[in-house]
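Guided by the hints, dock chain B onto chain A, whose structure is given.
Protein chains in written order, with UniProt numbering: chain A, 1 to 347; chain B, 1 to 347.
Worth double-checking, as some hints may not be accurate.
In this list, chains with the same sequence are indistinguishable; a pair is considered to hold if it fits within one copy or across any two.
Claimed, not checked - Below, in silico cross-link-like pairs of lysine to any residue (SDA-like), each with a Cα-Cα straight-line distance of 25 Å or less:
1) Lys4 - Arg136
2) Lys251 - Phe189
3) Lys335 - Gly45
4) Lys23 - Glu121
5) Lys161 - Gln198
6) Lys305 - Gln198
7) Lys248 - Ile165
8) Lys260 - Asp299
9) Lys25 - Pro68
10) Lys25 - Gln266
11) Lys211 - Glu121
12) Lys153 - Asp30
13) Lys4 - Ala108
In case anyone wonders, no lab produced these hints; they're calculated from the structure. Computed from a prediction, not measured in an experiment: that's the story for all the values here.
There are 2 protein chains.
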Amino acid sequence: MSEKRTEIGEIGEFGLIDRLNEKIKVRHEDTLKGIGDDAAVLDAGDKVKVVTTDLLLEGVHFDLSYAPLHHLGFKAVAVNISDIAAMNAIPKQITVSIAISNRFAVEAVEALYAGINAAAEHYNIDVIGGDTTSSRSGLVISITAIGEVEKGKEVYRSGAKENDIVCVTGDLGGALMGLQVLEREKEVFMANPNMQPQLDQYTLVTGRQLKPDARMDIIHELRELGVVPTSMLDVSDGLASELFHICKQSKVGVTIYEDKLPIDKQTYDTAVEFNMDPITCVLNGGEDYELVFTIDQKDFGKLEKHPDIHFIGHVTKEESGKFMVTKSETAVELKAQGWVHFPGDSK
Amino acid sequence: MSEKRTEIGEIGEFGLIDRLNEKIKVRHEDTLKGIGDDAAVLDAGDKVKVVTTDLLLEGVHFDLSYAPLHHLGFKAVAVNISDIAAMNAIPKQITVSIAISNRFAVEAVEALYAGINAAAEHYNIDVIGGDTTSSRSGLVISITAIGEVEKGKEVYRSGAKENDIVCVTGDLGGALMGLQVLEREKEVFMANPNMQPQLDQYTLVTGRQLKPDARMDIIHELRELGVVPTSMLDVSDGLASELFHICKQSKVGVTIYEDKLPIDKQTYDTAVEFNMDPITCVLNGGEDYELVFTIDQKDFGKLEKHPDIHFIGHVTKEESGKFMVTKSETAVELKAQGWVHFPGDSK
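Same shape as in the complex, but just chain A:
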């Protein structure tokens, strides 16, 4: 065959996505935002609807040898709600499609759905449709979430301005360390099935990995305080990667401070135990589903005393670049790592 064949690994997942997105056109005026943010934005009268979707595959995004089905169902919803939160919107509806193989019992599918329904209750959303089908291989879960916000109050990645303050919620790196612990215990178990997993001292980090919670609480609080962030994302790929998105789309630079980065003691201790640099875990660990956002300085007073919002730096001119000031007061350039889902991916 003389046809050109380019391996996906040669251009990487992001390269592939860029190449596919280049050819996509927007035809309708009521598509206010298509591809390129945490969710798409559609006109709906005096409101906008925001729409996001995620596709999760067994063996790629989750491992049923340690992810309980109830938790998995909850997480599959939460990761989509997190994208709705990142638009400053309130989630309203989800569709849920699953593909399951015959090796699943009805009771197992019900456990998965019990987790989905628990998340629907927790986030006050309706399951409005979906598709249930068989799979010849692993479990597949595809969820689309729809949210709503008053027109003009939706928050994009592109609105950060020089001197805005960079905020993050909660703490970071926990989900990555949880994954490390679970993978290690799995290996131990595979080598000797009679060994009981040693997880008691890691419940915080394994919980962050197995059952993350989207920060809708923060979105409701920002509303009550009258604060609309200038830009926002959820931390799914890692803090550094998300800051790169804000900088690229807002055409700004950023400076953050190592000593301001929030890390839980258990995350820190686990990183040390695994011979990993805790700050690298904070910067590049994915799946924490916290929010990173920028606010105008005038709003700082309203959030200053919030126990779960951390002020980690400020927005600079684009030409100033992207830096972290270390504890030893050295400015090091930030690198976006993000998650790589294609084995052999070069980017």
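This is chain B only, laid out in the frame that chain A set:
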């Protein structure tokens, strides 16, 4: 283990879906319709948004040994647009998620997307988001489509009334016969890879299988003629199955006439060649993506001369049951077969 284990095959795909749906609650007033129709219906000011989703897996819903990727991309969009059409709505946006294994070249993914983009152009819709990830096994495509219609003009399965006329568009059974031909040629090819497939005389039926077209033309024409059907579905599982949905949700019966059922000559001839009953193919063949709908008798005059709408029967009282009057003027009870996606499924 003492836990109860029920095999999916014991209760069937529909039994499983019923069991899962029982536990789903609707919490929001603006969810006008959740599960139970071709699409969900959401309030959006003076309009409603309709939302539908489909999950397609290699080896279950398509076979890459004969489905060209370009056609597959087009079809994946068309089957969702068909659900939007079945609500009497105009499609506006889709999200597209795909999972691909490394055995795909970038060019193959681009061919799939070229089909998706061709469908987006054909149906005048925007691709507003999605997810691209890797798969350890086959190709997975998940599409969610969003459409819009003036509030009150959306059409449910539940609005058919006694004496309404039952209409179907186009012709039926072709996609099923196309599948039979493609499967036979695949077997021949597997047995002897030097054999060229003999497909020339089957282009209509294979085309119906590989690249179906959603009947948006009919939706636009009904609008121009001022006709709002009283109930509507698209023929994805087979005519009999779709009529059962209308009867169940509208609490009516139906009588259709064998001699009115539309079948193309090539579909008929192919069925005979395969020793299949052509009328069974029309009644139970899935994936034709034609529309079946009911209209009030007062609207009959407006559609009477339409070359592609066929009047196949009428709606009766629920207690009258569901019957087909054969060419020999015998009334036989209709049976819903539908598609079965779970191997070993008993329903």
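Going down the list of hints, with the structure as the test:
1. Lys4 - Arg136: Cα proximity of Lys4 and Arg136: across copies only (24 Å, versus 31 Å in one copy).
2. Lys251 - Phe189: Intra 48 Å, inter 56 Å, cutoff 25 Å: neither.
3. Lys335 - Gly45: neither (41 Å within a copy, 44 Å between copies)
4. Lys23 - Glu121: So Lys23 and Glu121 pass the 25 Å test across copies only (11 Å; inside, 39 Å).
5. Lys161 - Gln198: neither (47 Å within a copy, 64 Å between copies)
6. Lys305 - Gln198: Neither way: Lys305 and Gln198 sit 38 Å apart in one copy and 75 Å across, limit 25 Å.
7. Lys248 - Ile165: within (17 Å within a copy, 58 Å between copies)
8. Lys260 - Asp299: The answer is within: 19 Å in one copy meets 25 Å, while 70 Å across copies does not.
9. Lys25 - Pro68: between (40 Å within a copy, 23 Å between copies)
10. Lys25 - Gln266: The answer is neither: 47 Å in one copy and 38 Å across copies each exceed 25 Å.
11. Lys211 - Glu121: Classified as within: same-chain Cα gap 15 Å, cross-chain 40 Å, threshold 25 Å.
12. Lys153 - Asp30: both (16 Å within a copy, 20 Å between copies)
13. Lys4 - Ala108: Answer is between; shortest inter-copy Cα gap is 10 Å, intra-copy 44 Å.
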